[in-house]
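Student: Residue strings, one per chain:
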Amino acid sequence: MSGERSDDAVERALEATLFATEEPMTVDELAVHLGGLEKGSVREGLKALAHHYAERGVHLVERGKRWHFETAPDLAHLLRREREQVRRLSRAATEVLAVIAYHEPVSRAEIESIRGVQTSSGTLDVLMEAGWIKLAGRREVPGRPVIYATTPEFLDHFGLASRRDLPGIDELRATGLLDPVDDALEQAMGGDMDPDNPSECEADEEADEIAEPDA
Amino acid sequence: MSGERSDDAVERALEATLFATEEPMTVDELAVHLGGLEKGSVREGLKALAHHYAERGVHLVERGKRWHFETAPDLAHLLRREREQVRRLSRAATEVLAVIAYHEPVSRAEIESIRGVQTSSGTLDVLMEAGWIKLAGRREVPGRPVIYATTPEFLDHFGLASRRDLPGIDELRATGLLDPVDDALEQAMGGDMDPDNPSECEADEEADEIAEPDA
Amino acid sequence: MSMTSNDDGFMLSGDAMGAGEATAEMPESWPADEVARTGAKSGDEALYLELEGWEGPLDLLLDLARRQKVDLRQISILALVDQYLTYIEQAKALRLELAADYLVMAAWLAYLKSALLLPKDEQEDPSPEELALRLQLRLQRLGAMREAAARLMGRDRIGRDIFLRGNPEGLRIDRKTLWKSDVYSLIQAYGQVKARTAPRIYHVSNRPVMTLDSALDRVSAMLGVTLDWMDIRDFLPTDAEPELRKSALASSFVAALELARLGRAEIAQEEAYSPLRIRRLKQGASA
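Residue numbers (the numbering used here), protein chains in the order written: chain V, 3 to 217; chain R, 3 to 217; chain C, 98 to 384.
Because the hints were derived from the structure by calculation, they are not lab data.
Take these hints with a grain of salt, some might be off.
[Said to hold, decoys possible] Mimicking EDC-like on lysine to aspartate or glutamate, the simulated pairs with C-alpha atoms at most 20 Å apart in a straight line are:
{"no.": "1", "chain 1": "R", "residue 1": "Lys67", "chain 2": "C", "residue 2": "Asp253"}
{"no.": "2", "chain 1": "V", "residue 1": "Lys136", "chain 2": "V", "residue 2": "Glu112"}
{"no.": "3", "chain 1": "C", "residue 1": "Lys277", "chain 2": "V", "residue 2": "Glu155"}
{"no.": "4", "chain 1": "C", "residue 1": "Lys291", "chain 2": "V", "residue 2": "Glu114"}
{"no.": "5", "chain 1": "C", "residue 1": "Lys291", "chain 2": "V", "residue 2": "Asp172"}
{"no.": "6", "chain 1": "C", "residue 1": "Lys273", "chain 2": "V", "residue 2": "Glu155"}
{"no.": "7", "chain 1": "C", "residue 1": "Lys273", "chain 2": "V", "residue 2": "Glu84"}
{"no.": "8", "chain 1": "C", "residue 1": "Lys277", "chain 2": "V", "residue 2": "Asp158"}
{"no.": "9", "chain 1": "V", "residue 1": "Lys67", "chain 2": "V", "residue 2": "Glu25"}
{"no.": "10", "chain 1": "C", "residue 1": "Lys291", "chain 2": "V", "residue 2": "Glu112"}
{"no.": "11", "chain 1": "V", "residue 1": "Lys136", "chain 2": "C", "residue 2": "Asp279"}
{"no.": "12", "chain 1": "C", "residue 1": "Lys277", "chain 2": "V", "residue 2": "Glu84"}
{"no.": "13", "chain 1": "C", "residue 1": "Lys277", "chain 2": "V", "residue 2": "Glu86"}
{"no.": "14", "chain 1": "C", "residue 1": "Lys291", "chain 2": "V", "residue 2": "Glu173"}
{"no.": "15", "chain 1": "V", "residue 1": "Lys49", "chain 2": "R", "residue 2": "Glu57"}
{"no.": "16", "chain 1": "R", "residue 1": "Lys49", "chain 2": "V", "residue 2": "Glu57"}
{"no.": "17", "chain 1": "C", "residue 1": "Lys277", "chain 2": "V", "residue 2": "Asp127"}
{"no.": "18", "chain 1": "C", "residue 1": "Lys291", "chain 2": "V", "residue 2": "Glu106"}
{"no.": "19", "chain 1": "R", "residue 1": "Lys136", "chain 2": "R", "residue 2": "Glu112"}
{"no.": "20", "chain 1": "V", "residue 1": "Lys136", "chain 2": "V", "residue 2": "Glu114"}
{"no.": "21", "chain 1": "V", "residue 1": "Lys41", "chain 2": "V", "residue 2": "Glu25"}
{"no.": "22", "chain 1": "R", "residue 1": "Lys67", "chain 2": "R", "residue 2": "Glu40"}
{"no.": "23", "chain 1": "C", "residue 1": "Lys273", "chain 2": "V", "residue 2": "Glu86"}
{"no.": "24", "chain 1": "V", "residue 1": "Lys41", "chain 2": "V", "residue 2": "Asp9"}
[What the hints assert, rightly or not] Across the chosen pairs, the derived CB separations fall in these ranges:
{"no.": "25", "chain 1": "C", "residue 1": "Tyr281", "chain 2": "V", "residue 2": "Pro144", "range": "30 to 40 Å"}
{"no.": "26", "chain 1": "C", "residue 1": "Gly256", "chain 2": "V", "residue 2": "Val34", "range": "21 to 31 Å"}
{"no.": "27", "chain 1": "V", "residue 1": "Lys49", "chain 2": "R", "residue 2": "Ala176", "range": "48 to 58 Å"}
{"no.": "28", "chain 1": "R", "residue 1": "Glu173", "chain 2": "C", "residue 2": "Ile270", "range": "36 to 46 Å"}
{"no.": "29", "chain 1": "V", "residue 1": "Asp9", "chain 2": "C", "residue 2": "Arg170", "range": "46 to 56 Å"}
{"no.": "30", "chain 1": "C", "residue 1": "Ile270", "chain 2": "V", "residue 2": "Ala163", "range": "30 to 40 Å"}
{"no.": "31", "chain 1": "C", "residue 1": "Gly256", "chain 2": "V", "residue 2": "Glu131", "range": "40 to 50 Å"}
{"no.": "32", "chain 1": "C", "residue 1": "Leu215", "chain 2": "R", "residue 2": "Leu137", "range": "39 to 49 Å"}
{"no.": "33", "chain 1": "V", "residue 1": "Ala56", "chain 2": "C", "residue 2": "Lys273", "range": "29 to 39 Å"}
[Stated by the list, open to error] Covered stretches of chain V (chain R as the covering partner; in silico rule of three or more C-beta atoms under 8 Å from a C-beta of chain R):
{"no.": "34", "region": "60-74"}
{"no.": "35", "region": "79-86"}
In this text, all values refer to a predicted model and were calculated from it rather than measured experimentally.
We put the CB at the ideal spot given by N, CA and C, even for glycine.
Okay, chain V solo, but in the shape it has when bound (with noise of 0.2 Å):
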């Protein structure tokens, strides 16, 4: 009876100090720390506080001759949680995906070619974030520039069934997206834009990428 009452009382006093604990303790320092208790007890008292814990959401656990407490292994996605934050894509970034969409594969360069302007590397990596597009390899001409291509995730997010499915020039000719660009830019922005200077037009619409998430 006082026996099972000292096994009782040894099983707390090394659950507190091992909880306690800003490192890990060797079955001698816990000895040590509870008053010179004798090492048998403190490992037989480990043991049983060890069982007492293995299905629990906290583990004891002995590593290189020292106990802590962890976090049981299957319970460790509880550490590291992500958050989701839904985010609409900057009309740049729409449009360096669209002029991939419609050219792939194509390097930088050539998209800048395609659209007139500087493409900002934040723009690429928010498209490989999203998973939209990847590295297609290296175009065989000097300089060996990357080439990028679309994903089927791209595929997906958009409801296509390829890339065929994308309207043509004459379609879009059709449906007025292909109108003069000043008129389609003033409608878009307000008619506060000039559209001969491509560099202010950039410079918006990265101010456009900064301000989104506040949207």
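Based on the hints, put chains R and C in the right spot on chain V.
Tutor: Chains R and C only, in chain V's frame:
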């Protein structure tokens, strides 16, 4: 059977999370962290977990609506650190802290009228720095003095589930020792000048009426 | 013993002025200990040396009140006043520097005492009884807070008696962005790229102008008709649009200057903004 299993899963998740967290967590925070669990099951899980740990070397406790694990109080002698981790408070700071805790929110003038001395600015700073008191707005009286109140960290540190757990607060309230001197005087003078027995006063109700606006 | 809630609570609250000693005991036992300790030293002097340990007159009064060893609600205010006044007198006798507020309190208490001893009908408002009661209430409240502080400090405290997990793994929340777009935005963007970069044809519309050459011809020809002064406006085409007139005026003016330079015409203007007049110079007249 499956219900039991899921309760168990919640308990394990709560256990792992509360072992791992660096800050105490509220029911809401736990519910969000565990992927939008129902608050009801979080509360039940916490209750079960607290029960499980009640006799162990570490306890699960609620302090100011936030939950954390801590070592059992009766094991203090084993764990007391040689390096003093607790801030040593001057007698003045201790008293100011008590006045704020038992009367909150209070202005500096109110603290001084109870203590009968001026409060050096360092005293309030020390308590703010310790994270135990905070500014709690201004009293809407002439001069709009700043008022002070205690923080959740204060409850944490002193092991109080809430301010109702402040030692002796019920007796103090019952004996009127938390009422302003003016109210007590009013009550006492209304009767037979017997401060011991204010309830016998005829003017009891009247005194209450006068006391109320100040409360 | 070491686990009682009030134990060493006050040790933690001890202030810098050597009060660790004074506060090492449970507050309930203060008066007794105070007396004992005072006795142990050489009488009064030891007590007065602690004057600096009081936090103001109210603090000292509270301590004196506790020496009456009765409930704070039953203390004798008259006795307390005497205790305080005796205390201050003796401190003065020992030439201890007394802060002003202790002296103010002494004066006030002396007044209170005399008022309390006066016959009732000579009392002013507020009555001395009220003043005494007020003092008593204040002492009760201060005493209550002092005990509360001691009990608070004596609780099991985190970092001293209770410990949190020493090395928590910590919780981390990684934010992940889910990007969103749609097919319409995509093809609209492409349409805009194509439209923006499509080859452009620039049309330059013909604006009605009179070139310098035709103005020169016209002015020379018209000057040949007469030797009289002519207003420059007479040289302009009469049926011209306003825009053409502007251009014709400028060109004609430059043509006139050119002819003047060549010595074939002279230009006159009577004053600023008056009509500019031109006439042919006879050949050789200027030579």
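Student: Hint by hint, work out which the structure violates, then give me just those numbers in ascending order.
Tutor: Violated: none.
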